[in-house]
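Protein chains: 4
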Amino acid sequence: MYNFRTDLADERRDLYRKANNLEEIDGIETEEEQISEKVKVTRVKITNEQGEQAIGKVKGSYITIDIKKINLLTEEEKEQAANTLANELKTLIGEKIQFKEDILVVGLGNEEVTPDALGPNVIKDVEVTRHIINYLPQYIDENARPVSAIAPGVLGTTGIETLEIIKGVVEHIKPKLLIVIDALASRSMERISSTIQISNTGIIPGAGVGNTRKEITQNTLGIPVIAIGIPTVVETAVVVNDALALFIDKLQQEAKSNDYLNHLKEEDNYEQIKEALLPKDFNFIVTPKEIDELILNMSSVVARGINMAL
Amino acid sequence: MYNFRTDLADERRDLYRKANNLEEIDGIETEEEQISEKVKVTRVKITNEQGEQAIGKVKGSYITIDIKKINLLTEEEKEQAANTLANELKTLIGEKIQFKEDILVVGLGNEEVTPDALGPNVIKDVEVTRHIINYLPQYIDENARPVSAIAPGVLGTTGIETLEIIKGVVEHIKPKLLIVIDALASRSMERISSTIQISNTGIIPGAGVGNTRKEITQNTLGIPVIAIGIPTVVETAVVVNDALALFIDKLQQEAKSNDYLNHLKEEDNYEQIKEALLPKDFNFIVTPKEIDELILNMSSVVARGINMAL
Amino acid sequence: MYNFRTDLADERRDLYRKANNLEEIDGIETEEEQISEKVKVTRVKITNEQGEQAIGKVKGSYITIDIKKINLLTEEEKEQAANTLANELKTLIGEKIQFKEDILVVGLGNEEVTPDALGPNVIKDVEVTRHIINYLPQYIDENARPVSAIAPGVLGTTGIETLEIIKGVVEHIKPKLLIVIDALASRSMERISSTIQISNTGIIPGAGVGNTRKEITQNTLGIPVIAIGIPTVVETAVVVNDALALFIDKLQQEAKSNDYLNHLKEEDNYEQIKEALLPKDFNFIVTPKEIDELILNMSSVVARGINMAL
Amino acid sequence: MYNFRTDLADERRDLYRKANNLEEIDGIETEEEQISEKVKVTRVKITNEQGEQAIGKVKGSYITIDIKKINLLTEEEKEQAANTLANELKTLIGEKIQFKEDILVVGLGNEEVTPDALGPNVIKDVEVTRHIINYLPQYIDENARPVSAIAPGVLGTTGIETLEIIKGVVEHIKPKLLIVIDALASRSMERISSTIQISNTGIIPGAGVGNTRKEITQNTLGIPVIAIGIPTVVETAVVVNDALALFIDKLQQEAKSNDYLNHLKEEDNYEQIKEALLPKDFNFIVTPKEIDELILNMSSVVARGINMAL
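Chains as they are written, first to last, in this note's numbering: chain F, 1 to 310; chain R, 1 to 310; chain H, 1 to 310; chain B, 1 to 310.
Hints are not guaranteed to be accurate.
Given that identical chains are not distinguished, each listed pair holds provided it fits within a single copy or across any two copies.
[Claimed, not checked] When the alpha-carbon atoms are kept at most 25 Å apart in a straight line, the in silico DMTMM-like pairs for lysine to aspartate or glutamate are as follows:
#1 167 <-> 29
#2 96 <-> 32
#3 124 <-> 112
#4 59 <-> 79
#5 18 <-> 141
#6 289 <-> 215
#7 100 <-> 141
#8 18 <-> 235
#9 214 <-> 290
#10 45 <-> 66
#11 68 <-> 142
#12 69 <-> 141
#13 214 <-> 127
Because the hints were derived from the structure by calculation, they are not lab data.
Let's have the full structure, built from the sequences with the hints guiding it.
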């Protein structure tokens, strides 16, 4: 399979169409809605196996909310973005469980690492009600839905596979649905902390070498899982690879025909670039200098959206 | 039972002896060791039911490490304090499980509230090895013990009773022993973030009205639980109550005999003080202005001590 | 002079009236306004030397804004509180300088110590415009007032008397007015991070032994200084002293007459309590457990109020 | 002049030698010292105008300390790195001022932005003595040097040009020497938060379009300025540009001769890449995912080095 290097269904569809010169992909339906000048929703639905094969994602709904200039939004624009998230979320939740059934919200990531802190940050602002309904029911509306929230940390700091922690909690408190907030990979720097992907398929990590992350889905947990994913970084080698592709295009335009370049372009230079360019000890990422502020703004939009929906 | 308003076995024993004019309490053995000018260890052992009754703590070992002027310790003195903790911990662990058996470290508390952040702070610095032993055994000493660590948050922010989260994780990763780090109540302002109590009995919250915290012990979890507790605040009403007791002593010395004052002293004025003096909406505590720094210093000592012991 | 142990003109006036059984104090005018259920404004004006003598504050306006349950305010209520601050501030500024004249905002305090971080926190959210007006005037409304903002730190971490830093900056950028945000002492636990005092007299630290803080006023800086002060802690000895006063009252009611107690009450037991009760190495304070959150909420209200006013 | 896009004298010398096929550059002396397996010192001295012209830096000493794998250093290795910094610093200070003369340490940067927080972080750990020498001389060694420290913030958050704040403070407290800690640009991802450049020339920002930063040197302040600079980010366009250069090299090796490619290589593609590849609203940087931890480690090494030297 083509290595998309993005978790966004939206971007994968575009890459596949471009690579195969297609207008439409069988098994994939798309719908766009411009909510306002700054907020756009794209709904990608994978309806059959051909669609699954094409872009390497399982059947289900993948809704992308793009927010322009999130760092400069006014309070009302933030409210609107949160509202858009709330509406999409309500629709997906309504398809799976009843009104008033328990929901557990899980924020993945390491809060000590700025671009990875989005999940735990959101959890801090999710309004939990389960304990009030259990212990102090007189203080809460009788129609309130029980909501609980955890930030399970990451394997590197807990020593425990995240799925195991979630499983343990799910078995004990028995929610009817899980909402998982996670960081995604994207190809586009413009989308860093400015795009939200909501899907009703849960989280299925790419099948990479040595990848020990496990899927967080109805298969592994027994309850429906809605994933809210936000791109927070782009890998440096992806950026350079994309730059080279642009550059080779330019060379080809000048040189008319050039077998060697054609050949080069077919290759995927990602691994070579990674080896040639990047020091081994660290994982280099491209990030806007304003990342700390971007993450705080996005955390606040996502937490508000979740609170409105629940 | 007398309301001790302290979780330290050490302080309870002293209060009981003073109130009853006793030199020794049946069923309680004590041993002191001055490790250095700044570090002192007191080992209190409750050996029978009479001891249990006297100070309201279950049978077991309660070891108190007092560290003087923790904010001014040199690197070597911190190392020494951590070392003292490591030695006591190793002894207690060695009585319960074998060399190389799994340990899970749990840091209780809310990291967003300064005096409550000690547990989560320690977790950040505990060296976890379980995932390395599982996934990358070639990178670690073959005698390393599997250690994992979680900070489960608090009921108010997760909506989930802490014991339920711990139970879920324990059932899934099946450690052989639990170490729990918790904040304690103390009567003495000098002990705030300067004293460590280690006990092999786990955590048994006081049986107060409306107290929904559950015990974290071998009874509830099925594996031995070692508790590391640190006093981080003193309640304002406790301080005022103690001040009044001193004051009444002084009045009595002057007035020679005074039935009314004697009567007053027998009463416990805590609830009245609380009502008369303290605004209802908040929980007022006495804390040193340097609490942020004290908590950081203590977190570092405890994390180092745990790392040495494991 | 009576030792008021509060910086709030409001509280001093009440203490003075009570101690002297007065209804009115010559040279002090007071006006109250209930803005809403949760927000109340009290304006104390000291008009002559007798007023100055009575409560130990220099002539000028002292406006107190009390906000009830600041941690539970809705967005609109916060907006209203900020608006109230903005209005009072605009009046005081309008009496001193012209529309469009430069203002420098200074946030005193140590941001590493929770209750002392209010000033620096506010500075982070003040919208500065001076550099835009100087370097990119095309991007800003031509009627915008040049605003700049600094957090000069505290003597203990900079080694420099705060006044010296402010003087240096004032001489270089030549603002026409200074707004200084500072933490205050109060007698009342209810007012911690819930009350704002605005005054047009600047900051004049109490004349205590060994007090090396210097005044920040028109005298020392040559431009008008508006002080925004917020009580963030209460000293433990003050709380105990107040408790003892209540207690002695109660004893007297029972005992009818009691010369010894009368005598005791005339004394100020503060220093004795401090000595008897408090460990020497730390500065003990009473604080609500929710102080971290309270400080964040108050910082946001004050920053918004300043931004609206400027 | 060639656009080096690095502030490291070390890297500029290498780029100049490579571009001009030189072994030595007239007016530039170099000396290397391997302190230990992980710590290397390179001393570059610019001795005349030809050297200045060649690499675009003024006459003076530029000492680079490279620390390998700073995130994995043991306590002793950190001590050694700090010690190396202390020794170089002591030499440079000793050439300018007397024993016991006042020093002011200034940490540039915005502490709210992770890669820019290094300067303010170091200031938090610098041991200041000036106020103790002034107010409590009995508590300090009589040979102690008066040290003070400030973090003046950045233009975007204060509205004030940093140089103006420093000037104001320097005029008031009259130190004899300034140490300024700053973030640098580098070409190499390996050097991010792993290299320290110390120079006795102060800070002279590149003469870019619209660059409003002013130099911080003896010229502008009247006292010697020692600059400690640490690379904390690499610009994305620099990385891609370097990748393209490598790529063109490879194409040329294959194609033997190729006028078009030669021509391309002579050009600097930086501006084109920036335009083609990077979204306009943000300033994209390449950074290791571990940047938060790297910055903390480097801050601690630099603060210790400064404390030892002073």
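Checking an output row: residue 124 and residue 112, CA cutoff 25 Å. Within, between, both or neither? Answer is both; intra-copy 14 Å and inter-copy 9 Å each pass.
For residue 96 vs residue 32, is the C-alpha pair at or below 25 Å within one copy, between two copies, both, or neither? For residue 96 and residue 32, the Cα distance is within 25 Å only inside one copy (23 Å; across copies 56 Å).
Between the shortest in-copy and the shortest cross-copy C-alpha distance, which are at most 25 Å for residue 100 and residue 141: within, between, both, or neither? Within one copy, since 11 Å is at most 25 Å while 50 Å is not.
Within, between, both or neither: residue 167, residue 29 at alpha-carbon 25 Å: Neither, since 33 Å and 44 Å both go past 25 Å.
Under a CA distance limit of 25 Å, which applies to residue 69 and residue 141: within one copy, between copies, both, or neither? between (37 Å within a copy, 21 Å between copies)
With 25 Å as the alpha-carbon cut-off, assign the pair residue 45 and residue 66 to within, between, both or neither. The answer is within: 17 Å in one copy meets 25 Å, while 52 Å across copies does not.
Have a look at residue 68 and residue 142 and pick one of within, between, both or neither, based on CA distance no larger than 25 Å. neither (38 Å within a copy, 27 Å between copies)
If the cut is 25 Å between Cα atoms, do residue 18 and residue 141 qualify within a copy, between copies, both or neither? Classified as neither; 52 Å inside a copy, 45 Å across copies.
Checking an output row: residue 214 and residue 290, CA cutoff 25 Å. Within, between, both or neither? Result: close only across copies, 23 Å inter versus 31 Å intra.
Within a copy, between copies, both or neither: which one fits residue 289 and residue 215 at a CA-CA cutoff of 25 Å? between (32 Å within a copy, 23 Å between copies)
Identical-chain pair category, residue 214 with residue 127, by Cα at 25 Å: between (28 Å within a copy, 23 Å between copies)
Go through the copies and call it for residue 59 and residue 79: within, between, both or neither, with a Cα cutoff of 25 Å. Answer is neither: 31 Å inside a copy and 46 Å across each miss the 25 Å cutoff.
Hint check: violations occur at hints 1, 4, 5, 11; the rest are consistent with the structure.
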